[in-house]
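K.L.:
Based on these hints, arrange chain X on the given structure of chain Y.
Protein chains: 2
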Amino acid sequence: MTTESLLARRERFLGAGAPLFYSKPLHIVRGEGAYLFDADGKRYIDMYNNVPCVGHANPNVVEAMARQQGTLNVHSRYLHEGIVNFAERLTQLHGPTIESVVFSCSGTEANEVALRMARIATGKRGIVCSDGTYHGNSETVAKLSGLRRGQLPSPDVRSFPFPELYRPVVPNLAEADLVEAYLDRLRDAIVALETNGEGFAALIVCSIFANEGLPDVPQGFMARAAEIVRAAGGLVISDEVQSGYCRTGRWWGYEVTGFTPDIVVTGKPMGNGLPLSATAASKSLVDQFRAKTRYFNTFASSPLQAAVGMAVLDVIERDGLRENSAQVGAALKAALLERKPRCAAIGDVRGQGLFVGVEMVKDGASKVPDPSRAVDMANRLKDRGFLTSNAGVFGNVLKIRPPLVFSHSDAQQFLAAFDATLAEING
Amino acid sequence: MTTESLLARRERFLGAGAPLFYSKPLHIVRGEGAYLFDADGKRYIDMYNNVPCVGHANPNVVEAMARQQGTLNVHSRYLHEGIVNFAERLTQLHGPTIESVVFSCSGTEANEVALRMARIATGKRGIVCSDGTYHGNSETVAKLSGLRRGQLPSPDVRSFPFPELYRPVVPNLAEADLVEAYLDRLRDAIVALETNGEGFAALIVCSIFANEGLPDVPQGFMARAAEIVRAAGGLVISDEVQSGYCRTGRWWGYEVTGFTPDIVVTGKPMGNGLPLSATAASKSLVDQFRAKTRYFNTFASSPLQAAVGMAVLDVIERDGLRENSAQVGAALKAALLERKPRCAAIGDVRGQGLFVGVEMVKDGASKVPDPSRAVDMANRLKDRGFLTSNAGVFGNVLKIRPPLVFSHSDAQQFLAAFDATLAEING
Numbered sequence: 002m003t004t005e006s007l008l009a010r011r012e013r014f015l016g017a018g019a020p021l022f023y024s025k026p027l028h029i030v031r032g033e034g035a036y037l038f039d040a041d042g043k044r045y046i047d048m049y050n051n052v053p054c055v056g057h058a059n060p061n062v063v064e065a066m067a068r069q070q071g072t073l074n075v076h077s078r079y080l081h082e083g084i085v086n087f088a089e090r091l092t093q094l095h096g097p098t099i100e101s102v103v104f105s106c107s108g109t110e111a112n113e114v115a116l117r118m119a120r121i122a123t124g125k126r127g128i129v130c131s132d133g134t135y136h137g138n139s140e141t142v143a144k145l146s147g148l149r150r151g152q153l154p155s156p157d158v159r160s161f162p163f164p165e166l167y168r169p170v171v172p173n174l175a176e177a178d179l180v181e182a183y184l185d186r187l188r189d190a191i192v193a194l195e196t197n198g199e200g201f202a203a204l205i206v207c208s209i210f211a212n213e214g215l216p217d218v219p220q221g222f223m224a225r226a227a228e229i230v231r232a233a234g235g236l237v238i239s240d241e242v243q244s245g246y247c248r249t250g251r252w253w254g255y256e257v258t259g260f261t262p263d264i265v266v267t268g269k270p271m272g273n274g275l276p277l278s279a280t281a282a283s284k285s286l287v288d289q290f291r292a293k294t295r296y297f298n299t300f301a302s303s304p305l306q307a308a309v310g311m312a313v314l315d316v317i318e319r320d321g322l323r324e325n326s327a328q329v330g331a332a333l334k335a336a337l338l339e340r341k342p343r344c345a346a347i348g349d350v351r352g353q354g355l356f357v358g359v360e361m362v363k364d365g366a367s368k369v370p371d372p373s374r375a376v377d378m379a380n381r382l383k384d385r386g387f388l389t390s391n392a393g394v395f396g397n398v399l400k401i402r403p404p405l406v407f408s409h410s411d412a413q414q415f416l417a418a419f420d421a422t423l424a425e426i427n428g
Numbered sequence: 002m003t004t005e006s007l008l009a010r011r012e013r014f015l016g017a018g019a020p021l022f023y024s025k026p027l028h029i030v031r032g033e034g035a036y037l038f039d040a041d042g043k044r045y046i047d048m049y050n051n052v053p054c055v056g057h058a059n060p061n062v063v064e065a066m067a068r069q070q071g072t073l074n075v076h077s078r079y080l081h082e083g084i085v086n087f088a089e090r091l092t093q094l095h096g097p098t099i100e101s102v103v104f105s106c107s108g109t110e111a112n113e114v115a116l117r118m119a120r121i122a123t124g125k126r127g128i129v130c131s132d133g134t135y136h137g138n139s140e141t142v143a144k145l146s147g148l149r150r151g152q153l154p155s156p157d158v159r160s161f162p163f164p165e166l167y168r169p170v171v172p173n174l175a176e177a178d179l180v181e182a183y184l185d186r187l188r189d190a191i192v193a194l195e196t197n198g199e200g201f202a203a204l205i206v207c208s209i210f211a212n213e214g215l216p217d218v219p220q221g222f223m224a225r226a227a228e229i230v231r232a233a234g235g236l237v238i239s240d241e242v243q244s245g246y247c248r249t250g251r252w253w254g255y256e257v258t259g260f261t262p263d264i265v266v267t268g269k270p271m272g273n274g275l276p277l278s279a280t281a282a283s284k285s286l287v288d289q290f291r292a293k294t295r296y297f298n299t300f301a302s303s304p305l306q307a308a309v310g311m312a313v314l315d316v317i318e319r320d321g322l323r324e325n326s327a328q329v330g331a332a333l334k335a336a337l338l339e340r341k342p343r344c345a346a347i348g349d350v351r352g353q354g355l356f357v358g359v360e361m362v363k364d365g366a367s368k369v370p371d372p373s374r375a376v377d378m379a380n381r382l383k384d385r386g387f388l389t390s391n392a393g394v395f396g397n398v399l400k401i402r403p404p405l406v407f408s409h410s411d412a413q414q415f416l417a418a419f420d421a422t423l424a425e426i427n428g
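Sequence lines, in order, name chains Y and X.
Going letter by letter, the first sequence gives residues 2 to 428 in the numbering used here.
Going letter by letter, the second sequence gives residues 2 to 428 in the numbering used here.
Bear in mind the hints are in silico, worked out from the structure with no lab data behind them.
It is possible that some hints are incorrect.
Note: identical chains are not told apart, hence a pair may lie in one copy or across any two.
[Said to hold, decoys possible] Straight-line Cα separation of at most 25 Å, SDA-like style, residue types lysine to any residue; simulated pairs:
| no. | residue 1 | residue 2 |
| --- | --- | --- |
| 1 | Lys293 | Asp157 |
| 2 | Lys43 | Asn86 |
| 3 | Lys383 | Ala332 |
| 4 | Lys368 | Pro342 |
| 5 | Lys293 | Glu140 |
| 6 | Lys368 | Arg186 |
| 7 | Lys293 | Ser283 |
| 8 | Lys284 | Leu7 |
| 9 | Lys293 | Pro156 |
| 10 | Lys25 | Asn86 |
| 11 | Lys293 | Ala143 |
| 12 | Lys43 | Leu416 |
| 13 | Lys25 | Gly83 |
| 14 | Lys43 | Thr72 |
Bear in mind the structure is a predicted one, so any value in this text is a computation, not a measurement.
Chain Y with its partners taken away, still in its complex shape (with noise of 0.2 Å):
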């Protein structure tokens, strides 16, 4: 089937609007490790997808899968060890305080759980989250999203200026200063909520601020935060969907930012493809949350996701995918920022392990964004052989966050291709 004929029937029965990357959308049907290839046999260095963190058809996965699935996949209202002891190595992976888990199929559910969660232990209903963030599709998560592009929040939503050094929000500050000056935009939403009537009842952030575009926060910041979330009575959620999982060459997001989560969201890589998503808590936190909702999640917590879950952390230990991650990562954007100096186009190299964003702006002094240099070298890239995208909240940074099985000769070979992409777009 012509690529022509594909796009049209995907519109007939996906409608249309369905969203797809790249000018010329890619027709991938094979991958392999950090590999993808397309219909013509072209392949690709995967530098997008974090889902397949352990690699595209990574065999342990699927023949964990294909076990589980051939032995036992049921509902969890009957007893099974798998689920329990998934449950078990999740927790050990955070500090003392995360002691359970509650499962779910997907980020937008895990974080569904969390707000409940925290809405029933505080008995409040607002929430705080960054003006550039995104946390999921349904209504009430929603609501969290588009704040900066001047969506009306919610009246049990307000938002702060999300923490960075490249355009901060007040300018001329000392890192100190600046951290004061955030802090103080975090405690204005909180005041906004506990005097519209809603009360506090958590901050959510994703704790590296992916989609905010991957800001060097303030150093300090987010553990103050912390202490002002709680001395307001409030819960800290940690939106680890993107964050965690070694992403950064740390286990969780909030290690690089410093700070300790009340409530701990993870997602994507953890099936490695396979729906899978958690929200995970002190015990009391998830008692009160399963108390009061009886909650029960068809798909949830069955013997495939905790079966996948396990195999995925098993080749993450195994194979040293967390090493991984923050050497590749801190090799790749040490050669990005080589280039900076040589580049108006490169405002910024920022990020940590194996995600990097190269902030595109007209000019390095007046840092002014640019979006279609972004997505223009995403196309670029992708004709080169490199799938990346573009993100941040104008769009303007080149993103790049491979499958954790990304090698030191992957990034190599990226690096000539992003040059030689540089100098055609520089004429």
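P.N.:
The following block gives chain X in isolation, referenced to the frame of chain Y:
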């Protein structure tokens, strides 16, 4: 591991109150076809699970799952033929007004999409549902649940008493007049939304009112209800998560109760345990939804969902499971109806295909619901090797809903156990 220590670990790592079946919970380790096996090797005939519709551990599903996960499983912003083919095949299972599909991972997510689709198309927020329904666990969808139990409805939700012959909303009416009585209640709910400022967007029903207790619906009610909804500018959403996929001996529950929906929601059996759900409607409705929301779901519309979803449809058609559901279900229901005159505790026997409810009452004359008897029967049947549960707005309906591969021989064995259990109770 003993059941006791597994229970204790489960409470610790999943939290207290994660729902479990039976007074002594079952520790299930293996499944095959219509059978489940516990840790001691005891076999149970599964008369509860609708998710593994083509049978536990179905080899065709396992093979399709492993093959696709071992080839490619990636998000939907690349082109992939599998998901387009699956969407096309799904639409072909409905009439011509169902043209396009939005995939998601759970029934909750699919109902979120349906409500949002209806609200976008109509520009109104108000949803009418039955007073005994359940459509999912997100905050928005959960507003539709628990209304008969006195949960205060949200301003954008109004309910009507679910239609039934057994305990009609107005006693002693001819069936045609009873239809009018229920339609009046539906009109009241619509008018309440039109007058409170929310406006009327949609009626959502499980097409066979499964959670309500599988009532016999007064003849012609649903067709008239759909007319009234459309005359009021609203859309009709059929939640086929429980009622679809040949459960009733027909492909869709709306064929049983006799109406044509504008939006169809499917879930549970679609992936035989793989998280997979869908919202299907006219292309115009789907286009409007996509234009307004740019809906994206990380794990949905994946090659894995497509491959597994196709395998399930293949097995249903190859093995004649719709016909099996119709024939075995009809025989089982007839046999249970035969028992009704002999047992005062059986108030009613209802259902279609392999979805049968036995309403347990104090006595047939008073019709006073007897939920403790239904629970007792489910526990005793479990001890005899047959897995059922209880359902309905009073919790007094013994719920029989086996995998579609359930056979005449399985039904015969169940009937013997059912008789023995009744004798024991009436002892």
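K.L.:
Each hint should be assessed against the structure and marked as holding or not.
P.N.:
Each hint tested on the structure:
{"no.": "1", "hint": "Lys293 / Asp157", "verdict": "both (20 Å within a copy, 23 Å between copies)"}
{"no.": "2", "hint": "Lys43 / Asn86", "verdict": "between (41 Å within a copy, 23 Å between copies)"}
{"no.": "3", "hint": "Lys383 / Ala332", "verdict": "within (22 Å within a copy, 60 Å between copies)"}
{"no.": "4", "hint": "Lys368 / Pro342", "verdict": "within (14 Å within a copy, 83 Å between copies)"}
{"no.": "5", "hint": "Lys293 / Glu140", "verdict": "both (21 Å within a copy, 13 Å between copies)"}
{"no.": "6", "hint": "Lys368 / Arg186", "verdict": "within (23 Å within a copy, 61 Å between copies)"}
{"no.": "7", "hint": "Lys293 / Ser283", "verdict": "within (16 Å within a copy, 38 Å between copies)"}
{"no.": "8", "hint": "Lys284 / Leu7", "verdict": "between (49 Å within a copy, 17 Å between copies)"}
{"no.": "9", "hint": "Lys293 / Pro156", "verdict": "both (23 Å within a copy, 22 Å between copies)"}
{"no.": "10", "hint": "Lys25 / Asn86", "verdict": "between (45 Å within a copy, 21 Å between copies)"}
{"no.": "11", "hint": "Lys293 / Ala143", "verdict": "both (23 Å within a copy, 13 Å between copies)"}
{"no.": "12", "hint": "Lys43 / Leu416", "verdict": "within (19 Å within a copy, 60 Å between copies)"}
{"no.": "13", "hint": "Lys25 / Gly83", "verdict": "between (43 Å within a copy, 19 Å between copies)"}
{"no.": "14", "hint": "Lys43 / Thr72", "verdict": "between (37 Å within a copy, 15 Å between copies)"}
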